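Using the sequences and the hints, build the whole thing.
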Amino acid sequence: MTIARTARAFLCAASFAAAGAFASSALANEVNLYTTREPGLIKPLLDAFTEKTGVKVNTVFVKDGLAERVAAEGANSPADLLMVVDFGNLIDLVDKKVTQPVKSAALEAAIPANLRDAEGNWFAMSLRARVLYASKERTKLTAFTYEELADPKWKGKVCIRSGQHPYNTALIATVIAKDGEAKAEEWLKGVKANLARKATGGDREVARDILGGICDIGVGNSYYVGLMRSGAGGPDQEKWGAAINVVLPTFAKGGTHVNVSGAAVAKNAPHKTEALKLLEFLVSDEGQALYAKANYEYPVKKGVKTDPIIDSLGDLTVDPAVLTDIAKYRKAASQLADKVGFDN
Amino acid sequence: MMTISTVPAPRYGLSFLRSRFSDGGGWLAAATVIAGLVLAPIVALALIATQGSGDLWPHLAAYVLPTALHDTAILLLGVGLIVIVIGTGTAWLVTAYDFPGRAVLDWALLLPLAVPTYIIAFAYLDLLHPLGPVQGLLRAVLGIAHPRDLWFPDIRSLWGCVLLLGLVLYPYVYLSARAMFLMQSACIIEVSRTLGQSRWGAFYRVALPLARPAIAVGTSLALMEALNDIGASEFLGARTLTVSIYATWINRSSLPGAAQIALVMLAIVVSLVVIERWARRRQRYAVAAQRSRRTLPQRLGGAAGFAALAVGALPVLFGFVLPVVHLAAAAAARIGFAGLSPAIAQETMNTVSMAGVATAVTIGLGLSIAYTTRLMRSPLAGTLARVASLGYAVPGTVLAVGLLTPLAAIDNAVDGVARHVFSISTGLLLSGSGAALVYAYATRFLAIANGGIEAGFSKIPHSLDYAGRTLGQTAGGVMRRIHLPLIRPALVAATLLVFVDCMKELPATLLLRPLNFETLATHLYAEAARGTYEDGAVAALLIVLFGLVPVILLARMSRQPQLESSRPSSPGASSRTGSFRP
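So the protein sequences, as listed, match chains A and B.
In terms of the UniProt record's numbering, the first sequence opens at residue 1 and continues consecutively.
In terms of the UniProt record's numbering, the second sequence opens at residue 1 and continues consecutively.
What the hints contain is simulated information worked out from the structure, not anything from laboratory work.
As the structure is a computational prediction, the values presented were derived from the model and not from experiment.
It cannot be assumed that every hint is accurate.
Claimed, not checked - Just so you have them, the derived chain B footprint on chain A, three or more residues with Cβ under 8 Å:
{"hint": "1", "region": "43 to 55"}
{"hint": "2", "region": "64 to 70"}
{"hint": "3", "region": "167 to 179"}
{"hint": "4", "region": "189 to 202"}
{"hint": "5", "region": "304 to 311"}
Claimed, not checked - A few chain B residues that face chain A, going by a derived Cβ cut-off under 8 Å, partial list only:
{"hint": "6", "residue": "H129"}
{"hint": "7", "residue": "D154"}
{"hint": "8", "residue": "A247"}
{"hint": "9", "residue": "T397"}
{"hint": "10", "residue": "G427"}
{"hint": "11", "residue": "L428"}
{"hint": "12", "residue": "L510"}
For glycine and all other residues, C-beta sits at the position ideal for the given N, C-alpha and C.
Pasting the structure below:
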């Protein structure tokens, strides 16, 4: 029967092709990167690194379970460098004992002390601000506080992603760190009451829904504004980006909430030298400029320019809350989101 | 009744061993190993669960579980209702009636199977968004200038999730119900008609109850998919148990807590399956006289014929045509804007080859398990088969995390021995290679393979086995020479279903794949994760297109369910029922 013959021929071809996946690479001049950052975001950086140093970068993009995978692989793990977003996730890597401390003068010179682990277990590579997207058509905001998100005058007009997403968990954790859990609960209840739709989707959908008239204001990360307005995401997204004003909100007592993307050298890294080389490249002027230009993030290194689109959002005053303090309240923040039924 | 004994073998040397094994010992050993492999990640999860103190439960009970149980219950009831109504209804429509377009509808009704849940969710958000074509058209027709002035329900809701999952999961029921309706003898229906039943009565009181096991099998596959779905559920904002497991693991950094919820969920699933089996424990569904004529479809002409076509085409339109046309348009726009990524060819190759290898392995394992059950007919073999199917009832990522432990344990043990004996390091043989993915897919989809093959076996009378054995065949020989040709339709159907599922699989692929190895699903996910799922339209379309090939093959086969009885080499299969007992 033809089906059976086709299937047999197909299986044969398939097993040859699959054999490729089973061959492990053992080149010396390479570095293995485990990342929760999407390949499209970091590829320009890695390509530039390979071109400059000749070191090949092998990557695997993992969403959940990166630390669990490295831990299970144990002493034989091929992972050299672990790259994640959100400082809570960075601290998690240390807690799960999959990192090793490294010392590097270049890293210490480039990254401010509050944006790296004192022991050298992790380093922030870039910053992003949690900002307000507001409808150009229906609002005229020039300043905004995170506290105002709970103001009843915005009832039915706020869009935001899941309260369980790390970006929002960090924001809620900051409120807990500043005002205590009881006040934070009041605030979060207020925000929940103002939601125009389910707390779900991504940050870009906030801009899309503002253009679509579902909401007037919403919360999203700063770099999405660059990605949308630059046209990198296509003509539709350019329209979404054009429909919003961006305000850098502040806490009533403090500055704008920021989060980080960062990296750590894996505990059993077989290519530790190359991993360190990659880290140092990422915080070099060239690497930081790429973070700013290709990803529209804020560089961690002083003196490196942000992209003009991000510049146009205004001057960023980073909230002085201590990052590790906020990470401490991450679990409480997640539970608070459950408690007020934020995503329900 | 007759007593069966194996042909006496010379009792010495290797042939003695072989005869022992052909009695089923070898098969049982193999089944035990397979069940053990499936159980390994679940045991690992149980161990992880015990590391938690359980201090999470007061919080879960107070704030998480009420919503999670509510949403999960609604999801399962809603999806269950939709898949049963659409799946059984359309299966009956194309079996009992003849109308213009029926031949196309017959296979087209399977097409939504090729659309992964996360892809239909993305597509429908685009289609139904205020900025999308549907509302745009509505506004134009109604003369409304501004999106705000048109009220339209948001698909990002529990009901949206129920609807979309139902639309792509009903083919599981359609497939099994259709095969069952085709097998039902015309006599039964006609007898009921001569006894005064209307066509509807014949369906409702005779055909439907007789098809219940088939409908139950299809529905439980669909419900298992719905229960474990994370892509569409999370994206549409349904707060199911699976979504809560993720939040517990990722945001509260409590893998033990997540494992605890996952195990409780597994327990619920297992008890539901047991209850369903128990509820029809007294019922026998053997269909005698398979050789008889098939039900002759009633011809519907004129308006009635077109009405039947229109109703039958609705699920295909909403579950396949609309989302795929949208994807194709988005993909075309994307290729025009950004060109075709050169990596996509490699990703397609990776996807298809990995799914191919995993399918071959899964079907091989499923065949061994199902045959062992047939050979032994003991409670032990039955239990092994049920255990081997457990992987389907655990959410993909949770199962993948559970797999990390046994995979690493095997790898590090092999490496330890190699270092000790040969002074070389083998590194991570399994978890560093595609083998981990094959293991994961096999664990997840063995239930589909085993279930489909078991159903095929059940139609072959045991008398054939005895005849074969009496004529000197070993158990393996009987399988090779008698069963395999007879169950081929069931086998190929199971193969195609497993293949489609492997191609669509996302969560385990994401966690367990080797370095530099992308599949279409992981590519699409990477784009979706940074909010650029339009960039993933090409990958999404390719997943659907490559999923279509097996689905169309499957559809071709489902039109010839009598294949086995029409083959001249197998007269026995058509003359006896499967319920023969010695």
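Now for the hints, and whether the structure bears them out:
1. 43 to 55: violated (count 0)
2. 64 to 70: holds (count 4)
3. 167 to 179: violated (count 1)
4. 189 to 202: holds (count 6)
5. 304 to 311: Per the Cβ count (0), the hint is violated.
6. H129: 6 Å, holds
7. D154: Status holds, d = 5 Å.
8. A247: 4 Å, holds
9. T397: Holds. Min distance 6 Å.
10. G427: It holds, given that the least Cβ distance between G427/B and chain A is near 5 Å, below 8 Å.
11. L428: 5 Å, holds
12. L510: Check passed: Cβ of L510/B comes within 6 Å of chain A, closer than 8 Å.
Hint compliance for this structure: hints 1, 3, 5 are broken, all remaining hints hold.
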